[in-house]
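Novice: Each chain is listed here by its residues.
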Amino acid sequence: MSREKILAAVKQNKPAPVPLPEMLSFAYPVTDLTAAFTAAITKAGGATNIVKKGQPLTPAIKALFPDAQRIADFIEGDTTTNAALLQQPALLDVVVLKGQLGVAENGAIWVTDKDCVERVLPFITQHLVLVIDQPTLVGNMHQAYAVMGQQNPDYGVFIAGPSKTADIEQSLVIGAHGPRSMQVFIVEP
Amino acid sequence: MRVALFIPCYVDQFYPQVAIATLKLLQHLGLEVHYPMQQTCCGQPMANGGFEHLTHSCNSNFIKAFDGYDYIVSPSGSCVLHVKDHLHDHQQETKATQIRQRVYELCEFLTDIVQVQSIKASFPKKVALHQGCHGQRGLKLAASTETVVPWFSKPVQLLKMVEGLELVDLDRPDECCGFGGTFCVTEEAVSSAMGLSRIADYAKHDAHVVTGTDMSCLMHQEGLIKRRKLNMQILHISEVLAAGL
Amino acid sequence: MHTKPIPHAEAASAFLENKERVQWHDETLWFVRYKRDKIVNEIPEWEQLRDLASQIKDHTLSQLDQYLGQFEAAAIANGVTVHWAADAADHNRIVHSILAKHKAQKIVKSKSMLTEECHLNEYLETQGIEVVDTDLGERIVQLNKEMPSHIVLPAIHIKKEEVGEIFHQHLGTEKGASDPLYLALAAREHLRQKFLAADIAITGVNFAVAETGAIVVCTNEGNADLGAHLAKVHIACMGIEKLIPRTEHLSVFLRMLARNATGQNITAYSSHFRKPQPGSEMHIVIVDNGRTTQLGREAFRNSLKCIRCGACLNTCPVYRRSGGHSYHNATAGPIGAILAPNLDMRKNADLPFASTLCGSCTDVCPVKIDIHNQLYQWRQVLTQEGHVPAAKAAGMKVMAGVLASPARYSFAGKWARKLLRWFPSLALNKTFNPWAKQRDLPAPPKESFREWYQKNGGSK
Ligand code: SF4
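Protein chains in written order, with this note's numbering: chain U, 1 to 189; chain W, 1 to 245; chain F, 1 to 460.
Keep in mind that the hints were calculated from the coordinates and are not lab data.
Honestly, I wouldn't trust all of these hints.
[Unchecked claim] Keeping only pairs whose Cα atoms sit at most 30 Å apart, straight-line, the calculated DSS-like set for lysine-lysine is:
| # | chain 1 | residue 1 | chain 2 | residue 2 |
| --- | --- | --- | --- | --- |
| 1 | W | K120 | F | K232 |
| 2 | W | K204 | F | K159 |
| 3 | F | K305 | U | K5 |
| 4 | F | K368 | U | K14 |
| 5 | W | K125 | W | K229 |
| 6 | F | K368 | F | K418 |
| 7 | F | K368 | W | K84 |
| 8 | W | K204 | W | K24 |
| 9 | W | K24 | F | K446 |
| 10 | W | K84 | F | K194 |
| 11 | U | K43 | F | K414 |
| 12 | W | K64 | F | K392 |
| 13 | F | K106 | F | K145 |
| 14 | F | K194 | U | K98 |
| 15 | F | K455 | F | K4 |
| 16 | F | K414 | F | K446 |
| 17 | W | K84 | F | K392 |
| 18 | F | K232 | U | K98 |
| 19 | F | K35 | W | K140 |
| 20 | F | K347 | U | K5 |
Let's have the full structure, built from the sequences with the hints guiding it.
Specialist: As structure tokens, then:
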């Protein structure tokens, strides 16, 4: 009954129709998207590594996290190990996932439930590694949504850096509830 | 061009020198300036206090006083904004509308209408500018730091014409001073704290003269300065622009 | 129950007694605004984005019933259960019924100003259910048995030493420890246990997309996601005004929200929830609680465009010097002051007067709400409805009479100046005249300008 009451009140009280503005598409002025993306993600507390297509990532990841015991790598790792690790996601040290696209202006990477296997993985892991193909970089959010189009995944998230908080006296602490660090591999063709 | 001088009530009563400086400045530019004796107040103190419904007679009186002039000029951004936004009279709305369109704050009148290119004044001192909020954000006398627009400032444009005057940069170029009409007494503690922050900013930048487009803001800050016996002088922008005339 | 809260001016003056604290509060929030200025100036089309955001919201409000219907249908098709709550009590009952159905005892909640507005935690407590706030700032104020003092920075009024003491008492951190890194880590460990054990997660909603039925939640800490993904049930609570028509519109709002809020390009996580996880439940509670009334108030309806970025609080020179709690309302600051009277005029009649009408809030607002004009308009409404002191009304009547007549005005002015010269001590009496508490009065000149003008005829 609240539903009808609310909708009736909205109907009665809403203003005269206002047209929906035409969406403007703002161009992104920077040409070197990789550099811009790197700057943005660095500002957000993350880091990028640029690699060539075909170059194996595992050694680089091992080098970045020498102490990591439990690495769930959904790009180069093997299924059995990953399945075993997924039994206790809270113990994961590193999760390696593929991202669909990166946004140069803000360093955000679009990841859907299809990409992250379990929705909780990019959040519960101590460290997150996202891998994106350089050609998927776009300038800004308008372009990002234009590329994603009507994809409408069941769940999707823009991830821009490790989790962080400044809730104690505005001092920035990297590593709030989610990952304490984030590494991005940009794979050049 | 017939110009009427609109002098806010508290300037008339407490700061006649500001009104005189405004008059001199305008006359110096060769303008025919009148001061309609009928005028009292724009009604802002009541309206901002929530009593706009009591301003009717005030408004009619204002219209009577200023009807028929080409321009109405006032050394107060706040009062001008009030007139522009709220001067109405259902019995003579056409006249009210005309007045709302013809009323100007002194600086914008000088830069936009008279389009002065030079001013003879000389004021060889370090000066801090307090941009009154109503003038700045309401009348758009200057770009506000919140917005992403090309920088401009009509008061600064004028002050730059004054010989010897050195304008200091403030940490917070356009923060409110806390006057706010009745706010200055109903929220006395916050109001004073805000004013003291402004004053600290001037002092930090070694300015011993503070000027601005609104005497009300300056009156409040002057009160704080005098109570603390600080070495800081308050002058309305008209007094600076008329210095040495 | 409905006692009048401490008026803003009084609470502010108490807050101002601790000079060091106030200065810190002011400077810290000013720094947030500074960072915001810096980053928005990197976006040359900022003002166009503001126009666009404002127009999208205006449009949505003008067809809100259709968009709510569209959203509901899409959400249901997505397998989400949609609930409607007319007011706070309704909202709390609905949430409670979901918890009860699942016999849930362990609840985690990420930031939601709506649940604060509805006092959900207190309500559930009376039902014997404890909710753990998981946003670090909210957890701090929750442990300290307080309300958030800021919609984006809930614990901005608390110093790290105090956080240290709160955590020492509740989380067993070392006594005297005040290093933010250490304290945040302790909170991380404490809250991770809560996330892992939670039966149900409650989140707020930043945007609700009508065409897809998706809700978008933005956090930096990752708490909304950890909660929602680990619990079997996700309850998202939203006001009716969170709607936007299409997914592409998110691009406008997500470009603005974090930049304007904290000076970041974007929050660490912008999560789009459309369907429940396989094997889980997702509920959306759509709440009115006075919003439809506000929609009907022409002068105030566009306050419903607010995206809760908090920038108007950060920029407000009054808020920075009076603290969020002085607004005695879940949402403080300028936006709180135009929302609160809609809920309860008597209780919140002081708030629209807690402003100088400087207009900084209006200029900083990403959706172009004319906040300071609405403060002005609320003053008129509150006065008309009899919510201002009688003495003030009487004084204003006298003033109106004097100012309506040039003769009475000249007479009064002359005598005021004379009295000031004759009895300066009277005018400087701090009890009669709050002006004089910290300020001197202007030295009364012998003659007014009009007297001078009459003598000098305006000649040079
Ligand atoms: S009113 Fe505007 S500035 Fe204030 S919180 Fe809402 S959106 Fe942000």
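Novice: Going through the earlier hints one by one, which of them does the structure break, listed in rising order?
Specialist: Per hint list: 1, 6, 8, 10, 11, 15 violated.
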